[in-house]
Amino acid sequence: MEVLSNDHILTEVKAETWQQAVAAAGQILVDQGSITSEYIENMIEAVRELGPYMVLMPHFALAHAAPCEAVLRNDMSLIILDEPVDFGSPNDPVKVILCLACTDKESHMNALTKVAEALMDDSVFDALMGASTAEEAYEALNSFQESLQTVQDC
Amino acid sequence: MDELLIQAVCGFGCGSSLLLRMKIDKVLKEEGITARTFCGDVGTAAATPCDVIFCSEEIAERLMSRAKVPVITVVNFNNPAEVKEKVMGYIQSLEKAD
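As you go down the protein sequences, you meet chains A and H in turn.
The first sequence begins at 14 in this note's numbering and counts up by one.
The second sequence begins at 45 in this note's numbering and counts up by one.
Just so you know, the hints here were simulated from the structure itself, not pulled from any lab data.
All values reported here derive from a predicted model rather than from experimental measurement.
One or more of the hints may lead you astray.
Derived pair list, reagent style DSBU-like, types lysine-lysine, alpha-carbon separation capped at 35 Å [claimed, not checked]:
#, chain 1, residue 1, chain 2, residue 2
1, H, Lys-130, H, Lys-70
2, H, Lys-112, H, Lys-70
3, H, Lys-73, H, Lys-112
4, H, Lys-140, H, Lys-70
5, H, Lys-73, H, Lys-128
6, A, Lys-118, H, Lys-70
7, H, Lys-130, A, Lys-127
8, H, Lys-112, A, Lys-118
9, H, Lys-73, A, Lys-118
10, A, Lys-27, A, Lys-127
11, H, Lys-130, H, Lys-73
12, H, Lys-140, H, Lys-112
13, A, Lys-127, H, Lys-70
14, H, Lys-140, H, Lys-128
15, A, Lys-127, H, Lys-112
16, H, Lys-70, H, Lys-128
17, H, Lys-130, A, Lys-118
18, H, Lys-73, A, Lys-127
19, A, Lys-27, A, Lys-118
20, A, Lys-127, H, Lys-128
21, H, Lys-128, A, Lys-118
22, H, Lys-112, H, Lys-130
23, H, Lys-73, H, Lys-140
24, H, Lys-128, H, Lys-112
25, H, Lys-130, H, Lys-140
Take these sequences, add in the hints, and give me the full structure.
This is how it looks when you write it as structure tokens:
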């Protein structure tokens with residue numbers, strides 16, 4: 014099963030601020046009909062209120078807000094920025110953003126675990142940092158899943 | 045000793061705390077330590093029964109004054125050495141106390 018489909022990934026995204034970057038990641042999910050634009054506001058507000066804790070590791074932020082009515086279905090999107098932006102975190106600057114929308118606290122866990130396992134693999138993350146097309150990013154994420162599958166099959 | 049209860053906490057208990065929990069689980073498995081891990085959100089974490097809380101520094105600032113258990117911060121969730129050092133540091137502090 015694929016980790017993230019092609020149409021949920023954008024590369025060489027231009028953003029001058031972290032707010033623009035979060036909005037760009039969220040817009041994919043608006044276009045896919047998974048969230049309303051209110052959720053984008055919620056994500057930005059969450060960073061303002063709680064601080065840049067979503068920058069979980071160097072160059073990477075997990076943008077999300079609480080499950081709410083603005084989330085129409087569980088979904089995730091991934092963007093790779095043309096130029097990185099600062100969130101005010103020790104893990105700045107951020108180049109890769111995963112946007113997570115969930116309808117409740119549990120039902121998305123398996124899907125998120127899969128993406129997280131791929132993202133936290135150094136070789137996958139390096140490939141993502143260098144990806145210039147959605148196809149390249151897609152390949153990087155999903156090749157990892159295939160290798161996991163192979164290991165499990167053995 | 046009863047089974048150790050480890051709470052990984054983020055803003056909403058559904059995103060970054062899961063990633064942190066995955067990394068903690070990995071360390072526990074490698075070290076052969078049995079413990080139960082679960083995710084929590086910053087609003088309810090301090091009132092949720094557990095033995096220790098792991099979270100980012102920003103979340104810790106909000107929990108420190110309310111939490112009744114140790115709050116341990118992780119800067120880079122994907123640095124195995126950091127997560128291991130912090131988890132094992134906590135485990136060793138328990139062994140000393142015994």
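Task: Enumerated hints in conflict with the structure, sorted upward - done: none
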